Amino acid sequence: GDGLALKWTHFGAGDGLEELKQYAAQNLGFMKCRFAGEVKNRELMDFYARTPVDCFVNTSSSEGLPVSIMEACSFGIPVLATDVGGTSEIVREGKNGFLLKPDFAPGELAQRIRELIRMPQSEKQALRGASRQIWQDNFCSETNYRKFARALLSGF
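Using this note's numbering, count along the sequence shown one by one with no gaps and you end on 156.
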């Protein structure tokens with residue numbers, strides 16, 4: 001716990017969720033844990049829009065190009081994620097978040113969260129701005145549509 005006031009909201013379901021809930025109940029009493037379960041995309045976007053989120057954490061062992069991370073970035077949320085699949089195309093180490101080795105130890109994740117929380121406000125704001133900008137430049141459908149249309153009109 002080391003004195004930090006933490007709140008964790010977990011979205012999604014799947015294998016291991018019950019074990020995770022039990023682990024949280026037994027070991028994470030120092031933080032407020034909420035398991036929202038499976039939610040509609042609109043509910044998640046509303047949550048991001050109305051709730052201050054310090055960081056988005058994705059510890060998947062495999063990914064393609066994770067839409068969940070793109071969505072978090074679209075709200076300017078810094079990301080902590082495992083460096084699997086296409087994650088590093090979205091999360092730029094030290095710029096809009098931090099990448100963890102796929103076989104990271106839980107203590108490494110805890111340390112990264114501590115570093116992020118204790119970061120000066122100006123650095124947090126820089127991460128937020130970069131997160132939004134990376135999404136805007138690379139993953140925003142309107143931006144990509146305009147780029148694609150220009151490419152078509154210019155004959156590639």
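In case anyone wonders, no lab produced these hints; they're calculated from the structure.
All of these numbers come straight from a predicted model, not from anything done at the bench.
Quick reminder that beta carbons are idealized off the backbone N, C-alpha and C, glycines included.
There may be inaccurate statements among the hints.
Said to hold, decoys possible - Dumping the calculated EDC-like pairs for lysine to aspartate or glutamate here, alpha-carbon to alpha-carbon at most 16 Å:
#	residue 1	residue 2
1	Lys101	Asp83
2	Lys95	Asp54
3	Lys32	Asp54
4	Lys101	Glu63
5	Lys95	Asp137
6	Lys147	Asp137
7	Lys40	Asp83
8	Lys40	Asp54
9	Lys95	Glu63
10	Lys21	Glu38
11	Lys124	Glu93
12	Lys7	Glu63
13	Lys95	Glu115
14	Lys124	Asp54
Said to hold, decoys possible - Derived CB-CB ranges, DEER-like:
#	residue 1	residue 2	range
15	His10	Arg146	34 to 42 Å
16	Gln26	Asp83	28 to 36 Å
17	Ser61	Gln136	26 to 34 Å
18	Arg42	Ser154	34 to 42 Å
19	Asn27	Thr51	22 to 30 Å
20	Ala105	Ser62	34 to 42 Å
21	Glu123	Met31	31 to 39 Å
22	Ala110	Leu153	18 to 26 Å
23	Gly94	Lys40	29 to 37 Å
24	Glu108	Gln136	26 to 34 Å
25	His10	Pro120	21 to 29 Å
26	Gly12	Glu142	20 to 28 Å
27	Met31	Arg146	53 to 61 Å
28	Lys101	Arg50	20 to 28 Å
* When the hints from earlier in the document are held up against this structure, which numbers fail? -> Hints 7, 8, 9, 12, 20, 21, 22, 27 and 28 are the ones this structure does not satisfy, whereas the remaining hints hold.
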